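The chain contents come next:
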Amino acid sequence: MNARALALWSLSGVTIALSTGSPVYRALVLLCALNVLLAFRRPGVSLRGLLIALGVAAAIAMATTTLASHTGDHAFLMLPGGIPVIGGPLTLEAAVFGASTGLGIAAAVLAAAPLSLVLQPHALVDALPGALARTGAAIGTALNLIPGIARSATEIRDAQRMRGWRSRRVREWPDLAVPVVLTALEGSITLAEAMEARGYGSGVRTHYSEQGWRSTDLIVAVVAVAAAAVFVAFRVTGAIADWYPFPDLSWPAVGVAGVLCCLALLTPVLVWRR
Amino acid sequence: MTGAAIASLSGFRYWYPNAGVPSIDAVDLDVDGGITLLSGASGSGKSSLLRVFNGLVPHFHGGTVMGTATVCGHEVIATPTRVLATKVGFVFQDPELQSVYPSVERDVAFGLENIGTPAGVMQRRVGEALEQTGIVHLGGRAVATLSGGERQRLALAGVLAMRPRLLVLDEPLSQLDDGGARALAATLVDLADQGIAVVVAEHRFEHLRALPGRSLAVVGGRIRDVDAVARNRANGAVRAPLTSTRTAAPVAWNLDRVAAGPTRVPVLESVSVEGRSGEVVALVGPNGGGKTTLLRTMAGLLAPISGTVHRTPGRVAYLPQNPMALLHRPTVAAEVAWTVRGDAQSEDATALIAELGLTHLADRDPRDLSTGERQRAAIAAVLAGAPHIALLDEPTRGMDDAARDALCSVIVRMRNAGTSIVLATHDRNLAAAVADRTLAVESGAVRELTPAAVA
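Residue numbers (my numbering), protein chains in the order written: chain R, 10 to 283; chain C, -1 to 453.
These are calculated hints, taken from the structure and not from any lab test.
Computed from a predicted structure; not experimentally measured.
Hints should not be assumed to be uniformly reliable.
[Claimed, not checked] If you only want the chain R side, here are some residues facing chain C, beta carbon under 8 Å, derived:
(1) H131
(2) A132
(3) M204
[Said to hold, decoys possible] Just so you have them, the derived chain R footprint on chain C, three or more residues with Cβ under 8 Å:
(4) 106 to 112
(5) 153 to 162
[As the list claims (entries may be wrong)] Restraint ranges, calculated between C-beta atoms of paired labels, are given here:
(6) G221/R with R222/C: 54 to 64 Å
(7) G193/C with E219/R: 48 to 58 Å
(8) E446/C with Q129/R: 37 to 47 Å
Glycine residues also receive a C-beta, built at the ideal position from the N, C-alpha and C atoms.
With the rest of the complex left out, here is chain R (with noise of 0.2 Å):
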């Protein structure tokens, strides 16, 4: 699959998820962003961490927006008046608007997932455009340095464990950290020197493995990217509805426009190979 792509249908997933109030719509991005993840994400690559890490960003948006936003006909509970912030009435429409809030909340990051969880870091720096292709490779390069630095820390703790040195004692953290810190450092200047002599910087960048354009890649882009502009013009022009709870919940009204380019989001799952 194309980096360039994939990223441009990122952006349209993103763009739809966040143009839209309507937690049917939401949902739709996030299962079809989930059907992207789950067909095409990298070997060994575990879905489970970012998926507890959206439940519980979506069950705090929930929590605060129902303590916070007192609107809505339905009250459930009243809090006294003298707590700050909180106090007053819960209702029901401030708790399903957090859930929706949620809801955009994990749209959006799911839709932005693919780029780290389904292409391989570099693929993505060098699907930057030339003009930040020197950044990016700085970005690579930075990424490729991070397991570098867990390992590094992990050597660093044994070879001062032997050294009588215990995790208990927080005054003693610091003959941890330093050392990692210091470590890390020394080894981005070091690798810095070696990519100044390995030529970097010198002018416009090539690479070793240019993406090409399948018919496949632009069938993604052009309908994701389709797909966004329609529903966001459909947005502005209201024809497709936007949905707000306050003061009494409603249903959100669907529409087949704002269905269909949801659903085109399930695009690279029909034409991509896995």
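Based on the hints, put chain C in the right spot on chain R.
Chain C alone, transformed into the frame defined by chain R:
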């Protein structure tokens, strides 16, 4: 500059920023084709001199320069490193810190990408470089899965892909096993035959002394010619080990049918071995053979997957391969004192610093020292306080002859005092000088080598 010289330095002097003493002092040097070997004590200025050839000194490191340096027709002072990079290939000492991309082919291609090589040409040249360095079989591998020796060859492939006229290598053998070192030496001869000028700074000359070319020494930042006799000096000077007392001494550590591996995948399988107090055991074997895993298992840093590990009570000292993992105090003296904090061993610590030739560096920040000096500081830091068992992983890495001699003396003294010492090393001369027993660690198994096999 002579007409034929690929690189030429004339009256060249260089001071690092804020340094009062020049690291390179009045050097006049012409590098023509063939192989040039540079030797010299730790901190003598070898690495600084090498960095002049591609302009990292002074462009990357800053500082003050006097004199002239010309490389491949370019004035170094007026030419950025990124331009010289198309003419000069530089392989750094630590191969782990020069990989840029996570996969082998991409990493080799990094330099070519930087100079705008078209993709088609790049793929051909990457293939050629992999072939030239004998690592075609590593194609498609993740860099993180390579051994130190494989990474060193990968780094070499990365610079050869750029087709340099001058190849500069800073202690390329420091992490290589015997096989890797021999192969690299052969590669260097091939490259010289192809017309590439090669400059190598190295302490381990046992694999290089037969190479054609000239030999120079760097002493206090100045260049000295070295004759062949001096070149073969200490590395060939094998000391006879002291008479072993192992059968009479108590067992200090014991592994019984141990399987172990860093990710719970066995690197060692059913290993049974023991060591005694007052004994030096050398672990030898190829890169990736399991020496470090064995040491870490002995130290208790790695829990065995199966089997049992026994150590008699007492402090266990452990020197990791990377000395930077230890050094965090503001001075060498403070670093050593930290190990024995709370103990009444400060006099021993001072004596150990002196024994390892670090007295004049005791008030310096250990991270400002050269690689060999850092290694000695790390050794002093772990061996302070008379440990019961000492486990040293590649202790002579980056060390010059004098430092290696000092380390041998410390090891022998500690052995005679009853410490059980285990060394994982590629340095055959160290093993021959101090080891009572030599164990070969290879393909997950450990076997004892006879004296004839060690020789």
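Now for the hints, and whether the structure bears them out:
no., hint, in the structure
1, H131, "6 Å, holds"
2, A132, "10 Å, violated"
3, M204, "6 Å, holds"
4, 106 to 112, "holds (count 6)"
5, 153 to 162, "holds (count 3)"
6, G221/R with R222/C: 54 to 64 Å, "57 Å, holds"
7, G193/C with E219/R: 48 to 58 Å, "32 Å, violated"
8, E446/C with Q129/R: 37 to 47 Å, "45 Å, holds"
Consistency note: the structure conflicts with the earlier hints numbered 2, 7.
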